[in-house]
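Position chain E relative to chain W; hints supplied.
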Amino acid sequence: MLVLSRKPKESIIINGNITVSVLRIDSDNVRIGIEAPMEIPVMRQEIYNEISQNNHAAAGLAKAKVKLKVKELVKS
Amino acid sequence: MLCHWQNSCHAMLTIEHKQQEKSESTTATDGGLKPGLPLHFAFGLLGFEANKQFELISDEELNPFQWLNGVDADQSFLVIQPAFAVENYTVELSDDDVAMLELQNQADAVVTCIATYHPDESVTINLKGPIIYNQKTGEARQIVPLNAADLSLSHPMGN
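Protein chains in written order, with our numbering: chain W, 1 to 76; chain E, 77 to 235.
In short, the hints are calculated from the structure, not lab data. Take the hints with a grain of salt, since some may be wrong.
What the hints assert, rightly or not - If you anchor each label on the Cβ, the simulated ranges turn out as follows:
hint: 1; chain 1: E; residue 1: N139; chain 2: W; residue 2: L2; range: 46 to 56 Å
hint: 2; chain 1: W; residue 1: V30; chain 2: E; residue 2: K212; range: 18 to 28 Å
hint: 3; chain 1: W; residue 1: E46; chain 2: E; residue 2: H116; range: 26 to 36 Å
hint: 4; chain 1: W; residue 1: I13; chain 2: E; residue 2: N139; range: 25 to 35 Å
hint: 5; chain 1: E; residue 1: K212; chain 2: W; residue 2: I13; range: 33 to 43 Å
Unchecked claim - Heads up, incomplete: computed chain W residues facing chain E, CB under 8 Å, no partners named:
hint: 6; residue: E10
hint: 7; residue: I12
hint: 8; residue: I13
hint: 9; residue: E46
hint: 10; residue: I47
hint: 11; residue: I51
hint: 12; residue: S52
hint: 13; residue: N54
hint: 14; residue: N55
hint: 15; residue: H56
hint: 16; residue: A58
hint: 17; residue: A59
hint: 18; residue: K71
hint: 19; residue: V74
Note that the Cβ used here is the ideal one computed from N, Cα and C, for glycine as well.
In isolation and in its complexed conformation, chain W is listed as follows (with noise of 0.2 Å):
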């Protein structure tokens, strides 16, 4: 892992077209501005950690099972 120090205002710039910037510290929170492309996604590791366990909790379902299940999910 690269390791660099930073101020409150100094940024990182990640090939050339993404921005991270260091807003503001307080004690045990740092507030960061991201700048990258809209295709470039972004978003909070613990929400995307969350998200990736669901789908893939959700897939490779056996698919017989899972119709004879939501056959009584859509009869009630």
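Positioned in the frame of chain W, the structure of chain E alone reads:
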């Protein structure tokens, strides 16, 4: 026009998802399967970034659920439009999402959510990471809405 949303201060597209007309005709006879709608996920689904091509398939036996089947990978997701599960579901899209989905018109945006079938046979749906697609272009994206903090990752279905 897109620029209308992009220029306003807190520009965001808010989609209040209304239940679509359930007036699908019952012409399909081959087990209820209809031809799929091709969807292109430029970034794949979260955690499945490599897989971009999917088909959304309606199956009358499962209506209102649909299958989201991978074309470039053997993956199937059960999906459902959120209006069938919750009332007043609203997602707020960022400008980038609106632009990437090439949404010229709010009416072109369709929201659907991935359902998870659990070992205990319960079914939950993911409202926090919905799929939005442009029904005119087939461009699709699993997004994290601006209001994701208020949305459930596993909303219980039925029972």
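Now for the hints, and whether the structure bears them out:
The supplied range of 46 to 56 Å is met by N139 (chain E) and L2 (chain W), whose beta-carbon atoms lie about 51 Å from each other. Judged by the Cβ atoms, the range 18 to 28 Å given for V30 (chain W) and K212 (chain E) is violated: they are separated by roughly 41 Å. Range check, E46 (chain W) to H116 (chain E): about 28 Å between beta-carbon atoms, so the 26 to 36 Å window is met. At about 50 Å, the beta-carbon gap between I13 (chain W) and N139 (chain E) misses the expected band of 25 to 35 Å.
At roughly 37 Å, the beta-carbon separation of K212 (chain E) and I13 (chain W) lies within the given 33 to 43 Å, and the hint holds. For E10 (chain W), the shortest C-beta to C-beta distance to chain E is roughly 25 Å, which exceeds 8 Å, and the interface hint is violated. Look at I12 (chain W): its Cβ only gets to about 20 Å from chain E, farther than 8 Å, so that hint breaks. Hint status for I13 (chain W) relative to chain E: violated, with the closest Cβ pair at about 19 Å, above 8 Å.
Because the smallest distance between the Cβ of E46 (chain W) and any Cβ of chain E comes to about 11 Å, over 8 Å, the interface hint for this residue is violated. Evaluation of the I47 (chain W) hint against chain E yields a held restraint, the C-beta minimum of about 6 Å falling below 8 Å. For I51 (chain W), the suggested interface contact is upheld, since its CB lies about 4 Å from the closest CB of chain E, less than 8 Å. The beta carbon of S52 (chain W) is positioned within 8 Å of a beta carbon in chain E (closest approach about 3 Å), and the interface hint is therefore held.
Of the supplied interface hints, the one on N54 (chain W) holds, with its beta-carbon coming within about 5 Å of a beta-carbon of chain E, less than 8 Å. A distance limit of 8 Å between C-beta atoms decides the matter here; for N55 (chain W) the minimum to chain E is near 5 Å, and the interface restraint holds. Look at H56 (chain W): its Cβ gets to within about 6 Å of chain E, closer than 8 Å, so that hint holds up. Interface hint status for A58 (chain W): upheld, as the beta-carbon distance to the closest one in chain E is roughly 4 Å, under 8 Å.
Annotation: interface hint on A59 (chain W) holds; nearest CB of chain E at approximately 5 Å, less than 8 Å. The beta carbon of K71 (chain W) comes within 6 Å of a beta carbon in chain E, closer than 8 Å, and the hint placing it at the interface holds. The beta carbon of V74 (chain W) is positioned within 8 Å of a beta carbon in chain E (closest approach about 6 Å), and the interface hint is therefore held.
Violated hints, in rising order: 2, 4, 6, 7, 8, 9; the structure is consistent with all others.
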